[in-house]
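Asks: Spelled out, the chains give:
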Amino acid sequence: MVGYVGGDPYQSPSFGKSLSLRVDGGVNALSINPSGRDVVLASKQGLHIIDLDDPFSPPRWLRHVTPWQVADVQWSPHPAKPYWVVSTSNQKAIIWNLAKPSSNAIEHVLHKHFRAITDINFSPQHPDILATCSIDTYVHAWDLRSPQRPFYTTSGWLSGASQVKWSFNDQNVLASAHGNDVCIWDLRKGSTPLGKLVGHGSSVNSVDFNRFKRTELMTGSNDGSVKFWDYSKSCNEPIKTIRTDFPIWRGRYLPFGEGCCLMPSVGGFNSVYVASLAKRDGVEEVNDSKLQPIYAFKGHDDRVTDFVWRSRSSCGSDGCDREFQLVTWSKDCDLRLWPVPETVYEKINFNRHQQLDESIPDYEYTTYNREPEVAKPQLGSHSKRIKENFVSTSGLKSKKDVNHISWLSGVRMNYNSSPESIFKERTLQNLGEEVSSLGHKFPKVVFEKISVSTGELIITLNGPWSDNNPDEYVFLRIDVKVPPEYPSKGYPPVFSIEDNGNLSSERREYINKQLKEISDTCTASGLYCLEPCLRLLLGEKVNLEELGQNDEPLLNFEIADQLAMENLSSVPSSEDPTEYLSDSSTSESEEKEDDKVLNMGVDFDGQISRDLAFDSTPVPTECGAIWSPNGTLLCFFASEGKQDKKQQAMLRLASRDTAKHQNGYHRKGSRKNMILTENNATDSNKNLRPKRYVETIPSAANPLGKSNHVTSEEESNSDEYSDSFEDDWSDILVNDIGVRTKLPALRGRVSKTFESVNSESGKTTESKKMKNVVITKDFSHLIPDRKDLALEFRFTDAPQGELARHNALVAEKYGLEEKSHCWQILSDLLMTNEETDPYNLIWDNHPMGIKWYIKEVLSYFEKRNDVQMLAMLGAVAANTATSVLSTTNAEKLDSNHANKKMESTINFNPNENANSWRTDMLSHLSSSNGVAPSFFESNRHRPSPDEISIKSEDYFSLKHYNNTAAIAPTVSPPISNTAVSATIAHNQQNASKLPNVTIELIDDDVLTAIRQPVRSLLDPNDAVKLRFYSYQYAKLLYIWGLPMQRAELLKISFESIHKNTSDFDSHTSNDNQDLFGEIRTSWMENKYREPNFHSCNYCGLKVTRNIFLCESCEHVMHASCARDWWAQSEQCASGCGCHCTDLLKMS
Amino acid sequence: MPTIANAHNDLIHDAVLDYYGRRLATCSSDKTIKIFEVEGETHKLVETLSGHEGPVWRVAWAHPKFGTILASCSYDGKVLIWKEENGSWDQIAVHAVHSASVNSVQWAPHEYGALLLAASSDGKVSVVEFKENGTTSPVVIDAHAIGVNAASWAPATVQGDGNSQQLRRFVTGGADNLVKIWKFNNDSQTYVLEDTLEGHSDWVRDVAWSPSILLRSYIATVSQDRTCIIWSQENNQGPWKKTLLQNERFPDVLWRASWSLSGNILALSGGDNKVTLWKEDLEGKWEPAGEVQQ
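Here the protein sequences come in this chain order: F and H. Using UniProt numbering, the first residue of the first sequence is number 1, and each one after it goes up by one. Using UniProt numbering, the first residue of the second sequence is number 1, and each one after it goes up by one.
FYI, nobody ran anything at the bench for these hints, they're computed from the structure. There are no misleading hints in this set.
The calculated label-pair distances, taken between Cβ atoms and stated as ranges, are:
1. F:1043 <-> H:196: 39 to 45 Å
2. F:853 <-> H:198: 41 to 47 Å
3. H:288 <-> F:852: 31 to 37 Å
Partial list, derived from the structure: chain H residues whose beta carbon lies under 8 Å from chain F:
4. 11
5. 14
6. 29
7. 57
8. 100
9. 103
10. 149
11. 264
12. 273
Built from N, CA and C at the ideal position, the CB exists for glycine as well.
Isolated chain F, as found in the complex (with noise of 0.2 Å):
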C-alpha cells in the first residue's frame, strides 16, 4: 500500500489538526519520534506504530506479548539512532530497532534490576547512554555499546525509584524520585548524591530537568504540588511551589518559552493543563501559589496517562518558526492530537521567530510504520523469540492483524482545528471515515487497496450489469481516484471501470456516466459521494434529485459496530476468506433472496453464500480407495450406489423415456447424493455428468444451469435437457419411497459389518441409514515388499555368500522363485570367491562375473519395483566389503595377498639409497594398509622377478615421467598370460642420487584389482542408487516397526557404499544427516540465557575451562591468556579501562 510520500513536516496532514486515533489494547505508554513523524504506544501486546501522517493506515505491531504492563516507552531523541525505541518489560529493558522487521525487531536486552522498571530515560547528550529505574529502588545507567551491565549503579536504598531523568545541560547529573524525596546523582562521584530534594509530602510522581537553567528542576507529586528546585541553591526550599487540587501524575516544563505543562492523575477533568512560568512586568513573584493555568487541553473521558510534544520548523536547525502540537493517550483509549492556539505561545514568552541559542538536530523525516524490506527471513533470528509449539498462529499475515476498516473507523480528523467541536459530533470528517462506514454498510464490497492519504481506493463488487440477462452478475473492477480537496466542489472523486470480458463497452459507458453525473451532484454542495456511487454499481437507482438535499449524516457508528461484529467487514485482499465467502453479490434485497435459496437447498447454514456462478468446486467423491502405508487398501464407498441404480432403472421403466438423462439428482431431507449412472450408458451422455459441486445441490443448480457456460464447454446441451430433468427429478422424489421400500436391502461383498446394520433384517428403515462404508481390503500381496521377508533376510554379521544362500531359502520359503534364484546364483558366485586367491578378483570384472550378474539383477528388480529386494541386493553386496575388511582372518588373508602381490614386483639395484627407499616404501605400504612389515619377508608363493616394480599408487605417478624417460621395452615372464608388460629404464635428472631403477609397467587385472584392495561388487553409480533405495527401504522398515533391521540396513549398507564410492563423498554426506535422521534434534540458540564472555578477550579464541573471569568488567580471558596478559598490562585486555587485578589485590 502507498502510503503518504510528502516526507515533509509542511505537507502533513494532520499537523495544526485535530486529530482523534482509538487504538484499543491496553496501551499505556506513549512516546513520540523526534522528527515528530511517528508515535509508539506500548501495551501488553507488544509496541504499535502510528503514523501521524498517514493515521488511516493500521499501525505496524512489534509484537511482545507479556502479562506486565509496560510502564514506559521513549523514543531516542537522537537523530544518530532514529530507529531505536525503548520499552520496559517487568524487571528488563527492551531495546528496540524498528528498522529490523518486526519479528526481529529486539536488538538488546537490559537485565539487571531485580524488580520491575519504572521509569526509562535517553541520555540528552549521547546517543548510547541511557538510565533506567526500578521499585528495586537501584538507578542504573547503560551504555548500549556493551549493554551486559550497567556502567554506573546507585540507589536511594529506602524506596523504589519512580522517575530518573538525566540533566539537559550536564551529561553526568541525573535525578531520581524516591518515596517523597528526589535524589540528584553524578555519575563521577559514585553514590553519594549531589543533593537529596526534600519537601513534598506525598510520593513524587514525576521529575524534569529545565532544558535551559542548568541546574533548575521541577518536581511533582501526589500531594497536589508542583515544586521547582535549584539544587546549586538549596536542596530543602524549593524556588517555586504550584499548588493544585489534585495529585500530579506528569509535570513537565514545556519545550518551548517559560511555561509547564501539568496533568492530574486523579480528577482535574482529565484534562492536560499549561502554566506560565514566565515574568511579567509589574507582577510581583510569588513563591507559592494556586495553580492559574493559560489553556487546558480537555476532552479526554478518561484520564490522560501521558503526553508528549511535536514539533516541526521550517527554516532547518536554527529553529526559527517552530510550531507544537501536543499528543496525548489517554485510558479512554484514544490517541489525540491537539493544535496549540497562538495565544498560548504569547502568555508563556515564545517568539516563534526567536533564533535559538543551540541549533535543533536534523531529524530524518521518515516513518517507522512500514514494516523494512527485508530480503530474505532470517532464519536463525527466529530462535530469540520465545520457544513455541509446532502452530500455534494461524497462517494469517501479522500485518493484518488489525482489521483496516475498523481502525479506520477509529480515526477522526477535523480540518478546521476546533478540538472541543469535534470529539464530540459525528459526522464524517473525510475520507477515512466514508470509507470506514461504507466499509460496514456495504459488507459485500471488497475494498482491495485502501489508501486515504493518498486518495486511493480499489473496489471489486458485482454488479447486474451483464446484456443478455438482467440476473446475471457482472464482477467489475473499480479504481477510484479522490482529489486531496474532495469534497469540495470542483474535486469529484474519478472512477475508472477496469476492462472486463462480460462488461460491454456500452454499459460501461452508461456506468461511467451515471457515476460522474452522481459524484459532480454531491461534489456541488460539498457531500461525500461513495455511498451513492456504489448503490448505483450495485445496481439500484439513484435519485439525482434527493441527493442534491440530502444533508443527513451518513455516519452511522453503532450500525457499522454492529456490523463489526458479526466479521462481514470487508478487509482487503485475500487474508481471510469469509469475506470472499460473502461477497457474493447483490444489495440487500437480493442478498435475502439469495440466502433463502440457499437455505432451503443447502444445509450450510446460510454461512457458505459464496457466488455461486463462479464456483468450480468439483463434484465430491463419492468412492475412492488410498493405499495405506502398510500395503492394504482403504477403499470408501457411497453404498447406496447399487440401490439407487437399480431403483433408477425401475424409474425408467415407470416413467418416460429417461435413458438419456442418466443424471438424476437425489434429494431427501439432508441428503444430496448425486444418484450414480449407469454402465451401459452411451459415451456422449458419460460428458453431461456434472462437474461442479454446486450443481449436485439441487435447488442451486437450477438458476445456475443458465450461466453454466462461464465455466465449462459442453454446456450447450444442459440447456435443452434440463426440463425433462427437472420432470425425472420429481418423479424421482415422488417415487423415491414408494420405490424404496420394495427394494431388498443392500447386501455387498462386505465380510464383517461392525454396526448393527444387517442387511438379513431387511429393514428398510435400516438400509436407509445406510449411506456410506469404509473397507479395507488387504493386497500385499501384489506389492514385491513384504515384511515376513523382512524379518527374515539377514544382510549382516556373515559371509556375504551364507548370507545370500540365508536369503535364497527364505524366499524359497515363502515360494518366491524368483527371487530365490537371484540368491542363489548370487550365492554360488559369492562362495566360489570366498577362496582366498587375489586371482579370483580378476573375475569379478569379467564380462560374466559377479559384477555383471549383480548389475543385471539390481536393473531387473528396478523394473518390478521392489525395493526390498534392491535395497537387500545392495546390502549384501556392499557387506561384501565391509566383511572382508571386517573379519580379521579374512583381512589378513586378503591383505596378504596384496601385498605378496606388491612386495614381490619390488626389486633393486644393490645401491646405497636402496635400503633407505626400501624402508620408506615398506612404511608406506604398512601404513597404507595396517600390515606388519614382517609380512614381507614370509610371503608363500613369490615369483620373484628381477625386474622392479612399485605398487600400485606410485606405479601411477610415475607413470607422468614416461615422456621424459627413456623406455625401453622388453618381454617379461609374464606374470599372467594376458599381461602386457613394459620394462622402463628409469632415468630421472637426478639420477645421481636415485638408485638405477627398472621399472616395468604392467597392465594387469590383478594390479587393477590390488588397486582396489576392497573389493567392490557395486557400480559407483549404482551404489548411489542403491543407497538411496535403501533408504527408501529403511523407511518401510520404520513402518513396519522393524526399527532394528532398520538401524542395521542404514549403518552396514550406508558406511560400505560410502567407502567404495569416496568420489561421491561429498554429496553423501552432506545428506546423510537429512536422509537418515528419521528426528533431528535442533538447538535452539538462545542469546540472552547465554553469559556474554563467549572468547576470550586477549587470544579472540573461544574460551571453555580454567578462564579468568573479572568481577567488574565481566572480561573473561583463558587462564593461560590472562598469565601472558596480567604479566605485561594493568588493564583490562578488552580495553574497557578496568583493573581487574585490582579487585583480586583486595580479595
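Use these hints to put chain H onto chain F, whose structure you have.
Replies: Only chain H this time, still in chain F's reference frame:
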C-alpha cells in the same frame, strides 16, 4: 479387514490411515472428521472433529515425527490443523488463505519439514510451512485459472548429478484440463512452473505423484474425461512421456488415484463406484491387477 459402515451421516470423501496404520481418519459432507483406532479386526471411534463450515473433502496425516497431526480441507475454504495430545484432539491452526473450496491437502515428504500443500477452487495452490517457532509463511501461487482440483508432492529425491540440492517438486491438476509441474526455486524462495502437461480433454480430477524413486518419476492423473494418464520422466529431468493407462475410456469419470507405498500398484476410483488396481509390467505396459467393488 475391518469394515466401517455408516460412520458419517453423509457421503464420505476421504479415508486415510496414518503412518503406522493404526488410526483411520475419515471426512464427510456432514462437516465432520472422525478418527478411528484400528487394531487388527476391530476398530473404535475415538473422536469426531467438527470445525469446518462445509463438507470436508480430504484429510492428511503428518509424518509421526511432528506428532499426531492431521490436516483437513473443506468447502469452506479453510485448512484446519488438528493435533492429538494426551488423547485429546485440538484444532491448533487455521490455514485460511483461499477464497474458495480447498479441494486437496497433502503434507510434503517429512524431509522438507512440516510443509503443507493445499489446492483450491480459487485457482491457487498454497504451500505453508509450520515452523517450530509457531510462525507460518504461506507461499500462494496462481496455478490453474478456473480452479485447482488436486495437488501432490514428488517424493524426496537427490539429484543424480551430485548436486546436494533436493529437487522439491509437486504436481497440480486443474479445471483448465492441464497438469502442471512446479519446482522449488531456492533463490526466489517460491515455486516456479517447470512443465505444463496437456493431455486431458476435461477437468483433471486428481493427480498422484508416485512415491517410487526407482528409475523414473511417475505421475498418474485422472480426469473427468474418463481417462487416466501416466506421465513419466527419466532421471528427474527432460520431457515427460505420456502413456494412457488403457486406450479405451473408463466406464465413468475418474475421481481418485492413489499409489501404493513404493509405487507398485495404482488404485483408481470413479463414478462407477468401483476401484481398479493397475501395475506396470516389465515392458512398461499397464495391466489390471485387481478390482474392488463395494
